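> Take a look at the letters that make up each chain.
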Amino acid sequence: MLLAATNAAGSASGEVSRETFGNIPYGLEILFYVLAAGFVGLTAYLFTIRFLNWKRGGADDRSGYVAERAREFSRGMFMKTLLLDKRAGVMHSLLYYGFMVLFIGTITLEINNVSPVKFLVGNTYLAYSFILEIAGLALIAGLILAAARRYVLKPYRLGKTSPEDALILITLLAIAVSGFLAEGARIAVAGFPNFERWSFVGWATGKLLFSWMPHDGVVGVHRALWLLHFATFLLFLAILPITKVRHAITSPINLALHKRERPKGAMRPMPNLMEEEVETIGASAIEDFTWKQLYDTDACTVCGRCTSVCPANGTGKPLDPREIVLKVGEVMARTGGVATPVMVDQEITLTADTVFGRVSSDEVWSCTSCKACDENCPVGIEILDKILDMRRYLSLMESDFPTELGVAYKNLENSSNPWGMGQQSRAEWAEGLDVKVIEPGEPLESEYLYWVGCAGSFDDRNRRVARSTALLLKHAGVDFSILGPSELCTGDPARRSGNEYLFQMLAFQNIETLNEAGVKKVITHCPHCFNVMTNEYPQYGGEYEVIHHSELLQHLIDEGRLTPGDALAGKRIVLHDSCYLGRHNDIYEPPRKVVASIGGVQVLEMDRNRTKSFCCGAGGARMWMEERMGKKINVERTDEALGTEPDIIAVACPFCLVMLDDGAKERGRDDVKVGDLSMLIAASLDTGVQGVGLPGGG
Amino acid sequence: MASWYDLRVFCTEGLGGNPLAVFTEPVEDMRATAAAIGYSETVFLGGEPSSRAGVRTARIFTPEGEIPFAGHPIVGAAWLFEELAGNPVNRLVVPYGEIEAWRVGDRAYLRSEPPEVGGASDDPFSVVEALRADPADLTPRLPIARCGHGARWTFVPFAEPQRVLELEPDFDMVKGVAEVGLYCFAMRGDEVTSRCFAPSVGIAEDPGTGSAALALMAYLARFSRRSPSELTVNQTECRIDVSMNERGIVIGGEVVLDGVRS
Ligand code: SF4
Ligand code: SF4
Numbered sequence: 001m002l003l004a005a006t007n008a009a010g011s012a013s014g015e016v017s018r019e020t021f022g023n024i025p026y027g028l029e030i031l032f033y034v035l036a037a038g039f040v041g042l043t044a045y046l047f048t049i050r051f052l053n054w055k056r057g058g059a060d061d062r063s064g065y066v067a068e069r070a071r072e073f074s075r076g077m078f079m080k081t082l083l084l085d086k087r088a089g090v091m092h093s094l095l096y097y098g099f100m101v102l103f104i105g106t107i108t109l110e111i112n113n114v115s116p117v118k119f120l121v122g123n124t125y126l127a128y129s130f131i132l133e134i135a136g137l138a139l140i141a142g143l144i145l146a147a148a149r150r151y152v153l154k155p156y157r158l159g160k161t162s163p164e165d166a167l168i169l170i171t172l173l174a175i176a177v178s179g180f181l182a183e184g185a186r187i188a189v190a191g192f193p194n195f196e197r198w199s200f201v202g203w204a205t206g207k208l209l210f211s212w213m214p215h216d217g218v219v220g221v222h223r224a225l226w227l228l229h230f231a232t233f234l235l236f237l238a239i240l241p242i243t244k245v246r247h248a249i250t251s252p253i254n255l256a257l258h259k260r261e262r263p264k265g266a267m268r269p270m271p272n273l274m275e276e277e278v279e280t281i282g283a284s285a286i287e288d289f290t291w292k293q294l295y296d297t298d299a300c301t302v303c304g305r306c307t308s309v310c311p312a313n314g315t316g317k318p319l320d321p322r323e324i325v326l327k328v329g330e331v332m333a334r335t336g337g338v339a340t341p342v343m344v345d346q347e348i349t350l351t352a353d354t355v356f357g358r359v360s361s362d363e364v365w366s367c368t369s370c371k372a373c374d375e376n377c378p379v380g381i382e383i384l385d386k387i388l389d390m391r392r393y394l395s396l397m398e399s400d401f402p403t404e405l406g407v408a409y410k411n412l413e414n415s416s417n418p419w420g421m422g423q424q425s426r427a428e429w430a431e432g433l434d435v436k437v438i439e440p441g442e443p444l445e446s447e448y449l450y451w452v453g454c455a456g457s458f459d460d461r462n463r464r465v466a467r468s469t470a471l472l473l474k475h476a477g478v479d480f481s482i483l484g485p486s487e488l489c490t491g492d493p494a495r496r497s498g499n500e501y502l503f504q505m506l507a508f509q510n511i512e513t514l515n516e517a518g519v520k521k522v523i524t525h526c527p528h529c530f531n532v533m534t535n536e537y538p539q540y541g542g543e544y545e546v547i548h549h550s551e552l553l554q555h556l557i558d559e560g561r562l563t564p565g566d567a568l569a570g571k572r573i574v575l576h577d578s579c580y581l582g583r584h585n586d587i588y589e590p591p592r593k594v595v596a597s598i599g600g601v602q603v604l605e606m607d608r609n610r611t612k613s614f615c616c617g618a619g620g621a622r623m624w625m626e627e628r629m630g631k632k633i634n635v636e637r638t639d640e641a642l643g644t645e646p647d648i649i650a651v652a653c654p655f656c657l658v659m660l661d662d663g664a665k666e667r668g669r670d671d672v673k674v675g676d677l678s679m680l681i682a683a684s685l686d687t688g689v690q691g692v693g694l695p696g697g698g
Numbered sequence: 001m002a003s004w005y006d007l008r009v010f011c012t013e014g015l016g017g018n019p020l021a022v023f024t025e026p027v028e029d030m031r032a033t034a035a036a037i038g039y040s041e042t043v044f045l046g047g048e049p050s051s052r053a054g055v056r057t058a059r060i061f062t063p064e065g066e067i068p069f070a071g072h073p074i075v076g077a078a079w080l081f082e083e084l085a086g087n088p089v090n091r092l093v094v095p096y097g098e099i100e101a102w103r104v105g106d107r108a109y110l111r112s113e114p115p116e117v118g119g120a121s122d123d124p125f126s127v128v129e130a131l132r133a134d135p136a137d138l139t140p141r142l143p144i145a146r147c148g149h150g151a152r153w154t155f156v157p158f159a160e161p162q163r164v165l166e167l168e169p170d171f172d173m174v175k176g177v178a179e180v181g182l183y184c185f186a187m188r189g190d191e192v193t194s195r196c197f198a199p200s201v202g203i204a205e206d207p208g209t210g211s212a213a214l215a216l217m218a219y220l221a222r223f224s225r226r227s228p229s230e231l232t233v234n235q236t237e238c239r240i241d242v243s244m245n246e247r248g249i250v251i252g253g254e255v256v257l258d259g260v261r262s
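Heads up: the protein sequence lines correspond to chains A and B, in order. Using the numbering used here, read the first sequence as starting at 1 and increasing by one per residue. Using the numbering used here, read the second sequence as starting at 1 and increasing by one per residue.
Treat the hints as calculated values from the structure; they're not laboratory data. For clarity, every value in this text was computed on a predicted model and none was experimentally measured. All residues carry an ideal CB built from backbone N, CA and C; glycine is no exception. Among the clues, some could well be false.
Claimed, not checked - Far from chain B, by Cβ distances over 12 Å, these chain A residues were calculated:
| id | residue |
| --- | --- |
| 1 | LEU137 |
| 2 | THR301 |
| 3 | ASP374 |
Stated by the list, open to error - Distance windows between CB atoms, simulated:
| id | chain 1 | residue 1 | chain 2 | residue 2 | range |
| --- | --- | --- | --- | --- | --- |
| 4 | A | GLU439 | B | ARG247 | 37 to 43 Å |
| 5 | B | ARG188 | A | ASP400 | 44 to 50 Å |
| 6 | B | GLU82 | A | ARG71 | 53 to 59 Å |
| 7 | B | GLU168 | A | ASP434 | 34 to 40 Å |
| 8 | B | ARG188 | A | LYS665 | 20 to 26 Å |
| 9 | B | GLY150 | A | GLU589 | 49 to 55 Å |
| 10 | A | THR644 | B | ASP258 | 51 to 57 Å |
| 11 | A | ASP434 | B | PRO95 | 30 to 36 Å |
| 12 | B | ALA36 | A | LYS665 | 52 to 58 Å |
| 13 | A | GLU445 | B | GLU168 | 46 to 52 Å |
Pulled out of the complex, with its shape left as it was, chain A reads as follows (with noise of 0.2 Å):
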């Protein structure tokens, strides 16, 4: 149907099939050759100056794992993981497979024409046939949901709406309807043989519209019609790279390009800042961004799923991470001379060659680096990196930072951790237990270091977490010993918030402290310090294995090392999912079974759970800067999880706790209890121990 599809009429012989230019005169198929070869180039072209602009970015590893890419590429052809919303993935199925299906039709008649051998004759032909139809009715099908999806449903996410999406829809259907009514034009001038009948969408056309028409008309009308189809179709080639159509061809590539030669958790290392003299730190030119996150902006389908989950966005904040990818593109485009994507306001000046002239920094430091976004982007954009990016560039060459943030900096700076506590009182919350500290200089005798954290060392609510732990540790015979003040903050806090070196100056001292004590194997309740001892400390030569309290647990519930108690029988518990267990690292399941694993309680979850959790927001050193604008990140999700009706809400994270706990006391909701999981098992022991188990009993 499409294009060639429709030229031909029924063969002089009477055989079943067509000429692929029947009715064409020998003139308009050579134009056809010769327009269809310019358009390509065209196409061809235009991608090409967009190729130039993202090799403006710098280095960027993406080479390797060959099997993965090939996986996730056709993961991208396929649409998997935009089957992932049920009704955005019928649309967008009945679309897609419908145009593919018709453009490899045409391909397939194309080659069917040049070949000497004919395939597409008898019962082959009219299965040929009668798919194309489906293929067609499939594409405007799609084309009207997808028209009611944006224009009369309007579902949040697709808030942004612009002529560019009109000129797709229209093209489309453009295509698509041309198409049946030039197959109809074209049944009528073969006088509708009686196997056409399987064309039945262009049979029904022609009979309905043309059958009254004296033959020579019908012969004119068909040339016109064919020329119209041939004409859509050579506008879908030119809008292909210029709109975001485009993301056909890019997201499948992105998707390739996912894999990456760091962990998702780490952030994009940088050199050893304390030896190297740096020019420039983070993003703020074109040229500061890598090939790939450049690369990124032009596979955006801008469908705003990575703002639908986002809980800066979700609750006021300027932040909308659809716009940082969009802004990002259009200061590339607009510095690098290609059309901006067509929806730009045109009016739109930069105010400086930089990202910052589209970016304010309210909306960079509003990011909690959730990972929300680039866990539910379909086509695998990496936009968390950006904004981290862009926050080192604000933090270390403009010191444009919340003041909030600039006292933590000064308490990591001179005592270690962002609380601006005495090191020498690290190791107060052990008291009681005879947890082993390792002194200075000596070695780990032990098989574990536990790595408490700053959290758990200093805050009053969590060295409940520290001492439930430890407790448990001991309970099921776990050897472990804890540096004591000699463990200093792991500096997820300043990395998170652009600042690199102190990040460094504190890393390297761990780094140092650790090898020195022949550290193997590290135990560590914070999600954060895990996250950065995996995936960020063997940037610098710091390679334990670490493992997470709630792995742990589970692995010392499912050896029987630890029963859990049943003095929480009867209780409902929420679990709130840690975006740094979760997301950075993939950790779901191991929370959830340790909290079933406790004898009589209900087990419930929240609507956002797993890959779609809302973050409490304390995240990417958010926990260190003051909330402004909107509605508070921890209220909002306190609040969701208040309406299950819980008696405790379950967390896995130091900061979770606090954010949570606070959220509930804000809401006045004393009677819900916030704990930790190591806090839920030492509850459920109820043992006695001062300072572990539930805060007020329970």
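Chain A is fixed; fit chain B with the ligands onto it per the hints.
Below, chain B with the ligands without anything else, positioned relative to chain A:
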């Protein structure tokens, strides 16, 4: 005399604590034996052994005679069971009834339902006089009241920990005003400083009174506006952990075995 275990209960990192003698073999005259040792309490285990796993029986004697319930002997006995047999004990049957008791590391604990608060009231003036204290040293936020399992302690709330430490009571008068003894305390957050005078049961000053610490929690739950869920009681040389939840009140602390004597 049969050999016995010499323990200290409610210690602080190995130091201090309330001495306890524990006999694991049958003894003819328990009362005389307890008087001869002279510790505030002596425990005799396994009077009538129970067939249920983790359940043991015990009887508690002061130098004056048998008492139905006491904190530090039960905590010490629960600790010692695991030390000797490696078998965790989870219940002790004493004349008062069956008490949940268990060991965690170098500590042991017991749980009890909260005792009744109130009943007979004391005359504040004679209590203060017996303690030779200044009435102005008491905190007006809490009342003088009685609370305890069976024998009830009289709780006397002071404003300043220092005043409690300085008390020099008139023991003859204390005998006259108290049902069992006067428990004087002051609070700083969840830290309690206390002293316990019980001349009427033959103990002028008890170094660490578990049953009173337990009753203190019930007393605070009733009268304190902040009703804490965890307390650390510092009584002379002893440190007692107290906590309360829906399942009852738990007291416990560190136990040290000083040796076997005979
Ligand atoms: S990481 Fe989270 S907060 Fe930041 S832009 Fe993405 S979804 Fe929003
Ligand atoms: S970045 Fe990804 S999720 Fe966000 S709008 Fe673009 S394609 Fe959709």
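> Take the hints in turn and mark each one as holding or not.
Okay, the hints, checked on the actual structure:
1. LEU137: holds, 65 Å
2. THR301: holds, 53 Å
3. ASP374: ASP374 (chain A) is indeed farther than 12 Å from all Cβ atoms of chain B, at 42 Å.
4. A:GLU439 / B:ARG247: 37 to 43 Å: holds, 40 Å
5. B:ARG188 / A:ASP400: 44 to 50 Å: Hint holds: Cβ distance 45 Å, inside 44 to 50 Å.
6. B:GLU82 / A:ARG71: 53 to 59 Å: holds, 56 Å
7. B:GLU168 / A:ASP434: 34 to 40 Å: Between GLU168 (chain B) and ASP434 (chain A), where Cβ atoms are some 37 Å apart, the hint holds.
8. B:ARG188 / A:LYS665: 20 to 26 Å: Holds, since ARG188 (chain B) and LYS665 (chain A) (Cβ atoms, about 24 Å apart) stay within the stated range.
9. B:GLY150 / A:GLU589: 49 to 55 Å: holds, 51 Å
10. A:THR644 / B:ASP258: 51 to 57 Å: holds, 53 Å
11. A:ASP434 / B:PRO95: 30 to 36 Å: Taking Cβ atoms as reference, ASP434 (chain A) and PRO95 (chain B) lie about 34 Å apart, which means the hint holds.
12. B:ALA36 / A:LYS665: 52 to 58 Å: Cβ of ALA36 (chain B) to Cβ of LYS665 (chain A): about 57 Å, so the range 52 to 58 Å holds.
13. A:GLU445 / B:GLU168: 46 to 52 Å: holds, 50 Å
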